[in-house]
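Visitor: What follows is each chain in one-letter form.
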Amino acid sequence: GAVVSQHPSWVICKSGTSVKIECRSLDFQATTMFWYRQFPKQSLMLMATSNEGSKATYEQGVEKDKFLINHASLTLSTLTVTSAHPEDSSFYICSVPPGGYTEAFFGQGTRLTVV
Amino acid sequence: AQSVTQLGSHVSVSEGALVLLRCNYSSSVPPYLFWYVQYPNQGLQLLLKYTTGATLVKGINGFEAEFKKSETSFHLTKPSAHMSDAAEYFCAVSDLTGANNLFFGTGTRLTVIP
Numbered sequence: 379g380a381v382v383s384q385h386p387s388w389v390i391c392k393s394g395t396s397v398k399i400e401c402r403s404l405d406f407q408a409t410t411m412f413w414y415r416q417f418p419k420q421s422l423m424l425m426a427t428s429n430e431g432s433k434a435t436y437e438q439g440v441e442k443d444k445f446l447i448n449h450a451s452l453t454l455s456t457l458t459v460t461s462a463h464p465e466d467s468s469f470y471i472c473s474v475p476p477g478g479y480t481e482a483f484f485g486q487g488t489r490l491t492v493v
Numbered sequence: 094a095q096s097v098t099q100l101g102s103h104v105s106v107s108e109g110a111l112v113l114l115r116c117n118y119s120s121s122v123p124p125y126l127f128w129y130v131q132y133p134n135q136g137l138q139l140l141l142k143y144t145t146g147a148t149l150v151k152g153i154n155g156f157e158a159e160f161k162k163s164e165t166s167f168h169l170t171k172p173s174a175h176m177s178d179a180a181e182y183f184c185a186v187s188d189l190t191g192a193n194n195l196f197f198g199t200g201t202r203l204t205v206i207p
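In order, the protein sequences belong to chains A and B.
Okay, so the first sequence: first residue is 379 according to the working numbering, each after it adds one.
Okay, so the second sequence: first residue is 94 according to the working numbering, each after it adds one.
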């Protein structure tokens, strides 16, 4: 199966600062990647679809200016949480939907804590 | 549109007892169905999946699930719980459009009592 690497696995930042999370597809090219957010004791909710070479597609209620997504290459998508606030503290996880498989592959996730 | 309902946010079983985690789905098209397991502060690991064919699917770690179209269910079972099975379990559905976007249930936390 595909290998997806997400970095960092955890980060603590001060309120008002920005944090970048990377999602790498290590063994195949991905034109699309998904970013999910998971609040404590809740399920994963799709935030946005990252599209290589074009703008990301955001789900309703997700602020595109706050959660900047860049998919500059076929193996890397980044999610930047800008001007982070404590309510942005969450578990962020990316997934890659490989065309030849029937299931998505997930990164290890990033635990963001904003203090 | 797809949606998933997991009955019971918390399930506790004794070590060696049967594990049953319930999942019902709603889909306007024939679904792909998945069970994922999440250990604390880790990503999701695929346990098993149903796409087509045999409705009883076997996964890793002794888990299996049966797709019942008439009941729109995909319950996860394991005959004998092990301490290492304690984790969060998510049922998910995707459509067949190829986008592979997953819709997740709210998750069930499994506790195994020694």
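Think of the hints as simulated: they come from the structure by calculation, not from any bench.
Take the hints with a grain of salt, since some may be wrong.
[Unchecked claim] Over the 12 Å line for every Cβ pair with chain A, so calculated as not near, a few chain B residues:
1) E108
2) G136
3) L137
4) L141
5) T148
6) K151
7) N154
8) E157
9) S163
10) A179
11) G198
12) P207
[Said to hold, decoys possible] Partner residues aside, some chain B positions facing chain A, computed with beta carbon under 7 Å:
13) P133
14) K142
15) Y143
16) L195
17) T199
18) T204
19) I206
Where is the CB? At the ideal position from N, CA and C, for every residue including glycine.
Visitor: It remains to establish, for every hint, whether it holds in the given structure.
Guide: Verification of the supplied hints:
no.: 1; hint: E108; verdict: holds (24 Å)
no.: 2; hint: G136; verdict: violated (4 Å)
no.: 3; hint: L137; verdict: violated (4 Å)
no.: 4; hint: L141; verdict: violated (10 Å)
no.: 5; hint: T148; verdict: holds (16 Å)
no.: 6; hint: K151; verdict: holds (15 Å)
no.: 7; hint: N154; verdict: holds (16 Å)
no.: 8; hint: E157; verdict: holds (16 Å)
no.: 9; hint: S163; verdict: holds (23 Å)
no.: 10; hint: A179; verdict: holds (16 Å)
no.: 11; hint: G198; verdict: violated (6 Å)
no.: 12; hint: P207; verdict: holds (24 Å)
no.: 13; hint: P133; verdict: violated (10 Å)
no.: 14; hint: K142; verdict: holds (5 Å)
no.: 15; hint: Y143; verdict: violated (10 Å)
no.: 16; hint: L195; verdict: holds (6 Å)
no.: 17; hint: T199; verdict: holds (4 Å)
no.: 18; hint: T204; verdict: violated (14 Å)
no.: 19; hint: I206; verdict: violated (20 Å)
Violation of the numbered hints given earlier is confined to hints 2, 3, 4, 11, 13, 15, 18, 19; the remaining hints are satisfied by the structure.
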